[in-house]
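Produce the complete structure using the sequences and hints provided.
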Amino acid sequence: MTSANEIDPLSDEFWDTEPTALELARLNEAIELSRNQKARQEKAKRDAATKIFGSCLAKLIDLGVPERNARSLLGRWRNTLKDDDRLVALVEHAHSISTPDPVSYMTKAVAGAKNRAKGVKSIQKGEWEELGWEAPTQGPDGPRYLKSVRGKAWRDPFGKLTILPAKDGEKIPTLDQDPGVSE
Numbered sequence: 001m002t003s004a005n006e007i008d009p010l011s012d013e014f015w016d017t018e019p020t021a022l023e024l025a026r027l028n029e030a031i032e033l034s035r036n037q038k039a040r041q042e043k044a045k046r047d048a049a050t051k052i053f054g055s056c057l058a059k060l061i062d063l064g065v066p067e068r069n070a071r072s073l074l075g076r077w078r079n080t081l082k083d084d085d086r087l088v089a090l091v092e093h094a095h096s097i098s099t100p101d102p103v104s105y106m107t108k109a110v111a112g113a114k115n116r117a118k119g120v121k122s123i124q125k126g127e128w129e130e131l132g133w134e135a136p137t138q139g140p141d142g143p144r145y146l147k148s149v150r151g152k153a154w155r156d157p158f159g160k161l162t163i164l165p166a167k168d169g170e171k172i173p174t175l176d177q178d179p180g181v182s183e
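Throughout the sequence shown, residue numbering follows this note's numbering, covering 1 to 183 in sequence.
Some hints could be false.
Unchecked claim - DSS-like, lysine-lysine: derived pairs with alpha carbons at most 30 Å apart: (1) K114 x K167; (2) K38 x K114; (3) K59 x K114; (4) K59 x K43; (5) K45 x K108; (6) K152 x K167; (7) K82 x K51; (8) K51 x K108.
Hint data in this document are derived by calculation from the structure and do not stem from the laboratory. All of these numbers come straight from a predicted model, not from anything done at the bench.
Below, the structure is given as structure tokens:
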């Protein structure tokens with residue numbers, strides 16, 4: 001449904017009319033914004049590449065890696081990580097600790113960073129298993145809980161036991177009602 005002032009864009013009448021000055025101005029503004037956005041994205045990519053193959057390259061050379069190898073490795077690590085900021089941070093850390101073998105250190109760090117990213121994705125997809133209420137540990141003052149208050153015990157997709165607080169309004173059972181789950 002169109003109002004009396006609007007013309008259906010699928011009708012022939014729409015294409016036979018000349019655009020108004022306001023419509024042309026809006027169209028030109030949208031085109032300019034699109035161009036500016038693309039230019040900013042390209043500039044950000046160039047800036048990241050400049051930083052990686054500028055300061056990061058200099059830091060690897062400073063650690064004793066030949067320039068040709070350093071360029072090749074930076075390109076490979078950049079392709080593996082697909083995250084320029086993380087690569088810059090890893091190189092800066094390797095330089096700050098003055099690692100004696102920067103190539104093996106960085107290769108291991110890049111692989112670890114990539115595996116952690118995969119782990120986060122699998123946690124999001126994985127199933128958490130609710131085990132029950134947390135079992136207390138006995139202290140001199142009586143039962144103690146990990147987070148001062150009894151929480152629910154969950155097992156994450158990797159098998160790690162995690163204690164999460166009870167939901168708002170959820171009644172926490174007494175130890176007589178539910179003795180709790182321990183590892």
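The hints, checked one at a time:
With a C-alpha separation of about 34 Å, the suggested pair K114 and K167 falls outside the 30 Å cut-off, and the hint is violated. A C-alpha spacing of about 28 Å is found between K38 and K114, which places the hinted pair at or below 30 Å, so the restraint holds. Between K59 and K114, the direct Cα distance comes to roughly 22 Å. Compliance with the 30 Å bound is thereby established for this hinted pair. Of the supplied pair hints, the one linking K59 and K43 holds, its CA atoms being roughly 23 Å apart against a limit of 30 Å.
As the CA atoms of K45 and K108 are separated by approximately 25 Å, the hinted pair is consistent with the 30 Å bound. Only pairs whose Cα atoms come within 30 Å are accepted, and K152 paired with K167 is accepted, the gap being roughly 9 Å. Restraint check for K82 and K51: satisfied, since their Cα atoms lie roughly 15 Å apart, inside the 30 Å limit. In summary, the hint linking K51 to K108 is supported, as the alpha carbons are separated by about 22 Å, within the 30 Å threshold.
Taken one by one, the earlier hints fail for this structure only at number 1.
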